[in-house]
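Engineer: What follows is each chain in one-letter form.
Number of protein chains: 2
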Amino acid sequence: MKIGYLGPRATFTDLAVRHLFPREEATPFVTIPECIDSVEEGLCDFTVVPIENALEGSVNITLDYLIHEVPLFIIGEATAPIQQHLMVHPENEGRWQEAELILSHSHALAQCHKFLHREMKGIASERMTSTAAAAQYVQEHPERNIAAIANGLAALEYGLTIVRENIHDYDHNHTRFVVLSKEDQALPPSELVSKGSKTTLVVTLPSDRTGALHQVLSAFSWRNLNLSKIESRPTKTGLGNYFFIIDIEQPMDEVLIPGAMAELEALGCSVKVLGSYPSFKL
Amino acid sequence: MKIGYLGPRATFTDLAVRHLFPREEATPFVTIPECIDSVEEGLCDFTVVPIENALEGSVNITLDYLIHEVPLFIIGEATAPIQQHLMVHPENEGRWQEAELILSHSHALAQCHKFLHREMKGIASERMTSTAAAAQYVQEHPERNIAAIANGLAALEYGLTIVRENIHDYDHNHTRFVVLSKEDQALPPSELVSKGSKTTLVVTLPSDRTGALHQVLSAFSWRNLNLSKIESRPTKTGLGNYFFIIDIEQPMDEVLIPGAMAELEALGCSVKVLGSYPSFKL
Numbered sequence: 029m030k031i032g033y034l035g036p037r038a039t040f041t042d043l044a045v046r047h048l049f050p051r052e053e054a055t056p057f058v059t060i061p062e063c064i065d066s067v068e069e070g071l072c073d074f075t076v077v078p079i080e081n082a083l084e085g086s087v088n089i090t091l092d093y094l095i096h097e098v099p100l101f102i103i104g105e106a107t108a109p110i111q112q113h114l115m116v117h118p119e120n121e122g123r124w125q126e127a128e129l130i131l132s133h134s135h136a137l138a139q140c141h142k143f144l145h146r147e148m149k150g151i152a153s154e155r156m157t158s159t160a161a162a163a164q165y166v167q168e169h170p171e172r173n174i175a176a177i178a179n180g181l182a183a184l185e186y187g188l189t190i191v192r193e194n195i196h197d198y199d200h201n202h203t204r205f206v207v208l209s210k211e212d213q214a215l216p217p218s219e220l221v222s223k224g225s226k227t228t229l230v231v232t233l234p235s236d237r238t239g240a241l242h243q244v245l246s247a248f249s250w251r252n253l254n255l256s257k258i259e260s261r262p263t264k265t266g267l268g269n270y271f272f273i274i275d276i277e278q279p280m281d282e283v284l285i286p287g288a289m290a291e292l293e294a295l296g297c298s299v300k301v302l303g304s305y306p307s308f309k310l
Numbered sequence: 029m030k031i032g033y034l035g036p037r038a039t040f041t042d043l044a045v046r047h048l049f050p051r052e053e054a055t056p057f058v059t060i061p062e063c064i065d066s067v068e069e070g071l072c073d074f075t076v077v078p079i080e081n082a083l084e085g086s087v088n089i090t091l092d093y094l095i096h097e098v099p100l101f102i103i104g105e106a107t108a109p110i111q112q113h114l115m116v117h118p119e120n121e122g123r124w125q126e127a128e129l130i131l132s133h134s135h136a137l138a139q140c141h142k143f144l145h146r147e148m149k150g151i152a153s154e155r156m157t158s159t160a161a162a163a164q165y166v167q168e169h170p171e172r173n174i175a176a177i178a179n180g181l182a183a184l185e186y187g188l189t190i191v192r193e194n195i196h197d198y199d200h201n202h203t204r205f206v207v208l209s210k211e212d213q214a215l216p217p218s219e220l221v222s223k224g225s226k227t228t229l230v231v232t233l234p235s236d237r238t239g240a241l242h243q244v245l246s247a248f249s250w251r252n253l254n255l256s257k258i259e260s261r262p263t264k265t266g267l268g269n270y271f272f273i274i275d276i277e278q279p280m281d282e283v284l285i286p287g288a289m290a291e292l293e294a295l296g297c298s299v300k301v302l303g304s305y306p307s308f309k310l
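Note that the protein sequences, when read in sequence, are chains Z and X. Per our numbering: the first sequence = residues 29 to 310. Per our numbering: the second sequence = residues 29 to 310.
Honestly, I wouldn't trust all of these hints.
Note that the list lumps identical chains together, so a pair holds whenever it fits in one copy or between two copies.
The calculated lysine-lysine pairs, modelled on BS3-like cross-linking and capped at a C-alpha distance of 30 Å, are [unchecked claim]:
| hint | residue 1 | residue 2 |
| --- | --- | --- |
| 1 | K210 | K30 |
| 2 | K264 | K30 |
| 3 | K142 | K210 |
| 4 | K142 | K223 |
Just so you know, these hints were derived from the structure itself, not from any lab. Fair warning: this is a prediction, and the values are worked out from it, not measured in the lab.
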């Protein structure tokens, strides 16, 4: 079984893969679209990518690429805690406060916004494709006094020194990762215990009509189908046109969810199942 | 009157400011939080920042900073078309296809994802704080074969040569900008004709309860209050807890919107008015 993930080695996604697929071969890819393409093209059986962070919200490129480009199925999700540290090359350990540049993933930079504003004010930051890529870049450029924001595994993997631990602004920071597959199949069994199941739908409203979203939610509400999330994403056809991505807190059944879907379609919505899958906590 | 905006000169925000406040002094700031802080601190009377793009969705830092950090009021909004071009320093005009790096704002890079994937595959990209900052960096580094993605005004302002026009993946691309103020006051009159009014509310649901969002939408729906947008943003207290930012397609009145708000509060929601303001098309 071949697993692709958002690399390089030692990203938070890599950490999730090590829990979900402890015995499988895992291949890092540089971007989320490349992860998704690798499954579409058959290079990997599954891919693991981030889909939502407790602080930054949805990872839009994951949602958009699944909706607009490559329609894979979600076959599992895992939630993992996120702890960010400031790290530098050991040669620059004594002068990190005068760093010229801080590198990290955009979400990690945003997650440490208060720390950066308070303690590293005026120091430029640059977005990298991942926290681990930032750590790798710092490892490869000891001659530059630069710092990375990344996790503990990245410090270990790239031989960096952590100079400030837990610099994220808010506790309770978690990221939700999804396992994606070309077929709507069951996730291979592991030792992790599922914390329940979810079903994710993508709903497009018929046209700009007063209360259309209210009608959609009624179809779930009167069936006591609890929604854990509703998220709007632009359809890319103009300002004000949205898809709604809806997470229902139960697995697909034979009556309630199909009934709600049939009603929505009768109302002129288009409805697509992105997946029905178990949920894990790491 | 002093206007702050997301600079440097020649950003899309600058373009919006030139329409909204053609005769006023406008000061560029480097980041969206700095724009917002400048009004809070009294350095500027108003600030203009992007809040939503037709392709990329909400500008999360604007929403999050308004909700969590500095509670300014929205006193106006303007929608402007977005056209992205690829530009290089004139010295590199003949070798742009071998560029080592493409710089732009993250949204602009995302908006040109297909073009970059198709025609500039494998060339690294780096996020800058704005499209204009990318253009300025390219101007200042003629020795490096790098390109920027930015608007036509930026090419003019920074003396760059446009080598590929209109490289954005989708047409109908617009960005919505908001004018923010410390007081909930009327926007100073201009020659622009308003296309209607909006009221924006931030609603926090009481607790994770089946159908709570459905109840919220009912309060608007039965009053025929049309919602042009509903957006969830994390409360930063843990995965699964959201604020809902709701745009109502009418100005604040004395009966309907206050009635809906009172009902929501009686149901245990917290409700805050971000503003009631005219809407312009540039």
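Engineer: Checking an output row: K142 and K223, CA cutoff 30 Å. Within, between, both or neither?
Structural biologist: Neither way: K142 and K223 sit 33 Å apart in one copy and 38 Å across, limit 30 Å.
Engineer: Between K264 and K30, at a C-alpha cutoff of 30 Å, which is it: within one copy, between copies, both, or neither?
Structural biologist: neither (33 Å within a copy, 35 Å between copies)
Engineer: Using 30 Å as the alpha-carbon threshold, which applies to K142 and K210: within, between, both, or neither?
Structural biologist: Classified as between; 22 Å across copies, 40 Å inside a copy.
Engineer: With 30 Å as the alpha-carbon cut-off, assign the pair K210 and K30 to within, between, both or neither.
Structural biologist: within (13 Å within a copy, 55 Å between copies)
Consistency with the previously given hints fails for numbers 2, 4, ordered from lowest to highest.
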